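Residue numbers (my numbering), protein chains in the order written: chain A, 1 to 214; chain B, 215 to 443.
If you're looking for bench data, these hints aren't it; they were derived computationally from the structure.
Keep in mind the model is a prediction, meaning the values are calculated, not measured.
One thing to keep in mind: the hints can contain errors.
Said to hold, decoys possible - Within a straight-line C-alpha distance of at most 20 Å, the following computed DMTMM-like cross-link-like pairs (lysine to aspartate or glutamate) qualify:
hint : chain 1 : residue 1 : chain 2 : residue 2
1    : B       : Lys375    : A       : Asp65
2    : A       : Lys36     : B       : Glu382
3    : B       : Lys311    : A       : Asp65
4    : A       : Lys88     : A       : Asp59
5    : B       : Lys375    : A       : Asp136
6    : A       : Lys36     : B       : Glu331
7    : B       : Lys311    : A       : Asp167
8    : B       : Lys385    : A       : Glu34
9    : B       : Lys341    : B       : Glu331
10   : B       : Lys221    : B       : Asp422
11   : B       : Lys385    : A       : Glu141
12   : B       : Lys311    : A       : Asp117
13   : A       : Lys7      : B       : Glu382
14   : A       : Lys50     : B       : Glu281
15   : A       : Lys6      : B       : Asp280
16   : A       : Lys158    : A       : Asp117
17   : A       : Lys6      : B       : Asp422
18   : A       : Lys88     : A       : Glu41
19   : A       : Lys115    : A       : Asp65
20   : B       : Lys375    : A       : Asp144
21   : B       : Lys311    : A       : Asp59
22   : B       : Lys375    : A       : Glu34
23   : B       : Lys311    : A       : Asp136
24   : A       : Lys7      : B       : Glu377
25   : A       : Lys50     : A       : Asp144
Said to hold, decoys possible - Okay, the calculated bits of chain A under chain B, using three or more residues with CB under 8 Å as the criterion:
hint : region
26   : 2-15
27   : 46-52
28   : 116-123
29   : 131-144
All C-beta atoms, glycine included, are put in the ideal place defined by N, C-alpha and C.
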Amino acid sequence: MNAIIKKTLSAAAILGGFSLLGLGLTSLTFHKTEAKIQENERQALLTNLKAVIPESLYDNDIVNDTIEVSDLNQGLSKPAIIYRARQKGTPVAAVMTVVTPNGYSGNISLLVAVKTDGALTGVRAISHRETPGLGDKIEIERSDWILAFDGKSLAMPKAQEWAVKRDGGHFDQLTGATITPRAVVGAIKNALLYFKHNQVRIFSTTESTPEGGN
Amino acid sequence: MFSEYSKIVKDGLWLNNQAFVALLGLCPLLAVSNTVINGLGLGLATTMTLVVSNTVVSLIRNFVPDEIRLPVFVLVIASVVTMIELAMNAWFFGLYKILGIFIPLIVTNCSIIGRAEAYASKQRADKAFLDGLSMGLGFTFALVTLGSLREIIGSGTLFAKAELMFGEAAKTWQIDVITDYSGMLLAILPPGAFIGLGLLIALKNIIDTKVKQRKPAHIQIPIQAAQEQ
């Protein structure tokens with residue numbers, strides 16, 4: 001009896017020892033890499049932001065000048081982040097993280113940058129699960145399609161022409177894929193409308209917390 | 215002594231190739247082999263895991279009671295994979311983003327616990343190390359072969375996005391095997407991976423059969439030669 005207890009206890013102690021060792025080594029690695037990983041993520045975000053809005057337009061720390069809004073991406077529980085670009089304190093543009101569920105396969109995330117006059121400075125697809133070779137042409141690495149939105153606004157083309165050509169609108173669809181471009185065009189139009197109606201609120205709070213003032 | 219080591223290497227790379235013969239780790243093999251660089255990235259991460267886990271398991275094999283050996287092996291493998299995941303996130307960020315969930319999923323690659331249990335827990339550390347290295351490189355070989363097949367047929371390129379692994383200088387490495395190619399969707403999607411793997415296994419079997427057929431004709435000469443040596 002005693003031998004069994006002793007054996008069990010020693011096995012438990014060995015297992016516990018290995019757990020602690022594993023835990024210790026992984027925490028050590030975590031602490032060694034944490035700063036570098038955060039910097040990578042910041043850089044990746046900054047690269048994406050630079051792609052949609054020229055750096056010369058603003059002088060503030062755009063990565064940290066953010067506001068979270070819960071009514072931009074309807075139907076999603078996660079609030080949308082909006083990066084705010086300012087020149088000497090004056091609002092010049094906002095970069096919205098727009099998510100649409102209307103794609104062919106899962107959510108499509110976009111970065112939509114719009115100036116205070118309502119014109120787009122750029123749009124990029126950040127993540128999606130559209131069909132490789134067809135719907136994935138919304139990526140800048142695959143085709144120039146997404147550049148068609150540069151400089152566009154709700155005035156040009158007119159609001160009712162914010163659709164793909166198959167639906168009687170202004171924008172090209174992609175060969176072999178209509179659902180994906182339709183979702184993207186719709187999402188950008190929604191974002192522009194949202195920006196038009198909420199512009200004051202988007203730039204008003206200087207706090208970057210979601211509760212700040214709203 | 216030497217032949218024992220060369221047998222380990224031969225087993226890992228060819229005779230008992232984890233992907234082509236044992237058919238282990240199919241989930242990452244099929245999901246990530248759409249380009250050469252993706253295949254190479256996951257292959258090397260898996261090799262690293264196999265080498266470290268095999269060596270550690272072999273070193274601790276005499277201290278760990280039989281009853282708890284599997285939980286301990288799982289702990290070792292999970293810790294190693296977590297550390298590799300963090301390191302890749304820090305130093306190969308672009309590749310990490312593409313391989314995504316398949317890095318942590320190395321934990322569930324059966325060939326890793328398989329080698330730990332079937333080999334490393336019974337052998338000396340140097341042999342376990344070599345076994346891990348050979349098995350890992352064999353798996354990488356499978357991933358890269360399938361990856362180049364699918365990348366050429368699927369998108370007409372080779373070594374696309376090499377800069378994710380080898381830095382900015384590798385941006386020019388991309389070879390356009392077929393220019394003005396509209397791509398073949400089937401090869402990029404998972405069904406193409408199954409078909410490609412099937413073809414590669416068939417090819418391996420043909421090679422093995424050919425080698426076997428040729429052996430009887432040569433067999434007497436090599437034996438004499440070996441004796442003279």
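Original post:
Are Lys375 of chain B and Asp65 of chain A close enough, with their CA atoms no more than 20 Å apart?
Top reply: Since the Cα atoms of Lys375 of chain B and Asp65 of chain A sit roughly 32 Å apart, the hinted pair is violated (cutoff 20 Å).
Original post:
Do at least three Cβ atoms from the region 46-52 of chain A come closer than 8 Å to Cβ atoms of chain B?
Top reply: Coverage by chain B is violated here, the residue count being 0 at a Cβ distance below 8 Å.
Original post:
Straight-line Cα separation of Lys6 of chain A and Asp280 of chain B no greater than 20 Å?
Top reply: 15 Å, holds
Subject >> Agreement of Lys50 of chain A and Glu281 of chain B with the hint, judged by alpha carbon distance not exceeding 20 Å >> reply: 56 Å, violated
Original post:
Lys311 of chain B and Asp65 of chain A: Cα distance at most 20 Å?
Top reply: Violated. Lys311 of chain B to Asp65 of chain A sits at ~25 Å, over the 20 Å cutoff.
Subject >> Hint consistency between Lys50 of chain A and Asp144 of chain A [alpha-carbon to alpha-carbon, up to 20 Å] >> reply: 17 Å, holds
Original post:
Regarding the pair Lys311 of chain B and Asp59 of chain A, is the alpha-carbon distance no greater than 20 Å?
Top reply: Measuring from Cα to Cα gives roughly 29 Å; hence the hint is violated.
Original post:
Going straight from one Cα to the other, do Lys88 of chain A and Glu41 of chain A come out at no more than 20 Å?
Top reply: This hinted pair is violated, its Cα atoms lying about 27 Å apart.
Original post:
Is it true that the CA of Lys221 of chain B sits at most 20 Å from the CA of Asp422 of chain B?
Top reply: 16 Å, holds
Subject >> 20 Å limit on alpha-carbon distance, applied to hinted pair Lys7 of chain A and Glu377 of chain B >> reply: 53 Å, violated
Original post:
Holds or violated: are the alpha carbons of Lys36 of chain A and Glu382 of chain B at most 20 Å from each other?
Top reply: 19 Å, holds
Original post:
Keeping to a limit of 20 Å between CA atoms, is the pair of Lys36 of chain A and Glu331 of chain B held or broken?
Top reply: Measuring from Cα to Cα gives roughly 35 Å; hence the hint is violated.
Of the hints listed earlier, those the structure fails to meet are numbers 1, 3, 6, 7, 8, 12, 13, 14, 17, 18, 21, 22, 24, 27, 28, in rising order.
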